[in-house]
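K.L.:
Chains as they are written, first to last, in the numbering used here: chain F, 8 to 220; chain S, 18 to 280; chain L, 24 to 245.
It is worth saying that the hints were derived from the structure and are not from the lab. Careful: at least some of the hints might be erroneous.
Incomplete in silico selection of chain L near chain F, CB under 7 Å [unchecked claim]:
#1 G87
#2 T88
#3 P89
#4 G100
#5 L209
Only a predicted model underlies this, so the values are computations on that prediction, with no experimental measurement involved. All C-beta atoms in this analysis are idealised placements derived from N, C-alpha and C, irrespective of residue type, glycine included.
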Amino acid sequence: MTFKLFTLLLQAAVSTIGISLVSIAIGFVIAILLSAATLSGKTIYSAPARLFVSFFRGVPLLVQLLLIYTLLPAIGLNVPSIVAAIIGLSLCTAAYQAENLRGGFSSVPKGLIEAAEVTGFNPLQIFARIQVPIALRLTLPTLVNESIMILKASSLVSVVGIIELTKMAQDLASSTYQPIPIFLSAGLVYFVICSTIALLGRYAERSMARTSA
Amino acid sequence: MTLPAIIIRNLVKRFGETTVLQDINLEIPEGKVSCLIGPSGSGKSTLLRCLAFLEESTSGMITINGEALGFFEKPDGKRERLPPAQIRAVRAQTGMVFQQFNLWPHMTALGNVSEALKIVRKLSKADAEEKAMAQLRKVGLENRAGHYPSQLSGGQQQRVAIARALALEPKIMLFDEATSALDPELTGEVLKVMRDLADEGMTMVVVTHEIGFAATVGQQISFLDHGKLLFSGPPSEVFAKPRHPRLDQFLDTYLDRGASMLI
Amino acid sequence: MMFNPQVIIEKLPELGSGLFVTLLLWIAGIAGGVVIGFLVATARRFGGFATNAVLGSVVEVLRGTPFLIQIFLLYYGGPFVGLMLDPIPCGLIGLTVYSAAYYSEIFRAGFAAVPVGHVEAAGCLGMTRLQTIRRIQIPEMALIVLPPAVNLSVILLKESAVLSIITVPELTATVSAIGSQQYAYLEAIFILAVVYWALVELTDRLGRAAEYRLSRLRFSKA
Chain F
8 MTFKLFTLLL
18 QAAVSTIGIS
28 LVSIAIGFVI
38 AILLSAATLS
48 GKTIYSAPAR
58 LFVSFFRGVP
68 LLVQLLLIYT
78 LLPAIGLNVP
88 SIVAAIIGLS
98 LCTAAYQAEN
108 LRGGFSSVPK
118 GLIEAAEVTG
128 FNPLQIFARI
138 QVPIALRLTL
148 PTLVNESIMI
158 LKASSLVSVV
168 GIIELTKMAQ
178 DLASSTYQPI
188 PIFLSAGLVY
198 FVICSTIALL
208 GRYAERSMAR
218 TSA
Chain S
18 MTLPAIIIRN
28 LVKRFGETTV
38 LQDINLEIPE
48 GKVSCLIGPS
58 GSGKSTLLRC
68 LAFLEESTSG
78 MITINGEALG
88 FFEKPDGKRE
98 RLPPAQIRAV
108 RAQTGMVFQQ
118 FNLWPHMTAL
128 GNVSEALKIV
138 RKLSKADAEE
148 KAMAQLRKVG
158 LENRAGHYPS
168 QLSGGQQQRV
178 AIARALALEP
188 KIMLFDEATS
198 ALDPELTGEV
208 LKVMRDLADE
218 GMTMVVVTHE
228 IGFAATVGQQ
238 ISFLDHGKLL
248 FSGPPSEVFA
258 KPRHPRLDQF
268 LDTYLDRGAS
278 MLI
Chain L
24 MMFNPQVIIE
34 KLPELGSGLF
44 VTLLLWIAGI
54 AGGVVIGFLV
64 ATARRFGGFA
74 TNAVLGSVVE
84 VLRGTPFLIQ
94 IFLLYYGGPF
104 VGLMLDPIPC
114 GLIGLTVYSA
124 AYYSEIFRAG
134 FAAVPVGHVE
144 AAGCLGMTRL
154 QTIRRIQIPE
164 MALIVLPPAV
174 NLSVILLKES
184 AVLSIITVPE
194 LTATVSAIGS
204 QQYAYLEAIF
214 ILAVVYWALV
224 ELTDRLGRAA
234 EYRLSRLRFS
244 KA
């Protein structure tokens, strides 16, 4: 295990972080829409949203990736595999984040919404100015956990041939016949990234706790 | 004149740098109700927890019915910890009732009361449950024996907790703010059980904010402030005017209207 | 686009064997993970500072790295240290160790969630340390950990699909092989997804039913 091999792993880790960040961000936007649909109280919106969440939480991510990877070309969408991978990760994390957000939204005290109503806010204003900020604070810890989960889960996109940390480690391990140091190093890199996310999350929680009552 | 049920000598308790109890000396008479009162943070709960050996004192001695609790004093004045079995034997003389009831949620009321009879006293299941049932009857809850704590009101839970402590037939009952966690309308049923116990002649040490209870049921009132026992005596003396200025101040803040009429 | 699930339905026995391996690994992984996780949590809680620190670091590393990397390390790295494992035992060991780390955290949180007062009450009633652990702390913890343990078990079912990558003949591996042979890969993966979905929903419902039955034992808001 040379320093050169380790730098290759670090470079690949940048892809891992990039793929994860993009997926979490896209997933977050979808999750907001999903949780709004679920909480809308109208079956026409909430039923498909529930089905989506149930499916993507009920099927292994690996199977989801294989499905999207096969399905897209079959319906005539020939996208690069990195796009397919990001779509897969985004949809999966969207389902989990939607569940977390739903929990956050339903924990927003009713009194705060009533207070906004009597002050003359319209429903959209209440949603955007009261419910969203409070729900976000309540779900921050779960969002941090979810980011860590996705970062680890992104190792699965190696299966569809995307060069990220796991794929790089796999290739290096087979070409150098040194699987132990290489997989240990890859594990270490993942561990450091995950710990950093956890640390940042705790820091964010603390600074939020200071600004809220 | 019988021996005091509890003798506390030069008791000191420190948590790190802070001294919570400073040189407490108190004798608690047998068959009497002794109330510990004082503002929050005065050390009254810590003192009670020392009597239950839930806190270990830093120095000093506690004797329960003539037996040293936790530590024994060697002739040179140094303390030595007693063996666990001996500590358990002395602790068995006291029963403890907590502010938060502390019923075990995975057992029914009957289970809570009979558990220690089974595994500490080694009674058969049938005997333990029969004894437990008798205690539940005593606190008026025999028809709730099969209920889990979550299915009982706060007052009922506390009565079960009292029955649980009584089941082991302690000679002394310790109450740590037994009614503080209860809604006001539920304190009555618990105080009634405590009054009945007092009428039976049970030795009781009661940490309480219920000054009315202390004044009417208590036979010895001890006032603690900032970890010091300021004074102790019968209610007629302690509450009589002119009062100690700290007690006056305390009563001003804590006394409710009902209780002020009693004093 | 052609969609012909018929070609997969013909291969039901093979699908069944894959399902069997998945369920076997899953249940064995849960059983092993629960036992080891419980022992780890107990050792961490009652075993002193050093034990807690060492086991805590191991758990953190296992939780902070992808399952796939752990499996690769075991499967490809094992032979270099004399650990030649077939895919199934390798998968079973990997899944057990991985799940043990997560179960141990659940149990640890469970122990911490048992109110101190409940333990104190046992002490006041003359119970020894061991009696208190056995009769009060462990049963109370079991109640607290049931919901997260059910969730984790569901996650493990899904995680076991990863074992197909090291050629464990479980559900995912079997069904994608059928799909390739029959030139019906999309159909195969679709059916695969539905089977997992059904299993997960079923497990989830069973778990919730169990939680509901035990809900009266939960803590009252004293």
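K.L.:
So, for every hint listed, does it hold in this structure?
P.N.:
Hint check:
1. G87: The hint holds - L/G87 has a Cβ within 7 Å of chain F, the shortest such distance being about 4 Å.
2. T88: With a minimum Cβ separation of about 4 Å from chain F (threshold 7 Å), the hint on L/T88 holds.
3. P89: holds (4 Å)
4. G100: With a closest approach of 4 Å, the L/G100 hint holds.
5. L209: Because about 5 Å separates L/L209 from the closest Cβ in chain F, which is inside the 7 Å limit, the hint holds.
Hint compliance for this structure: no hint is broken.
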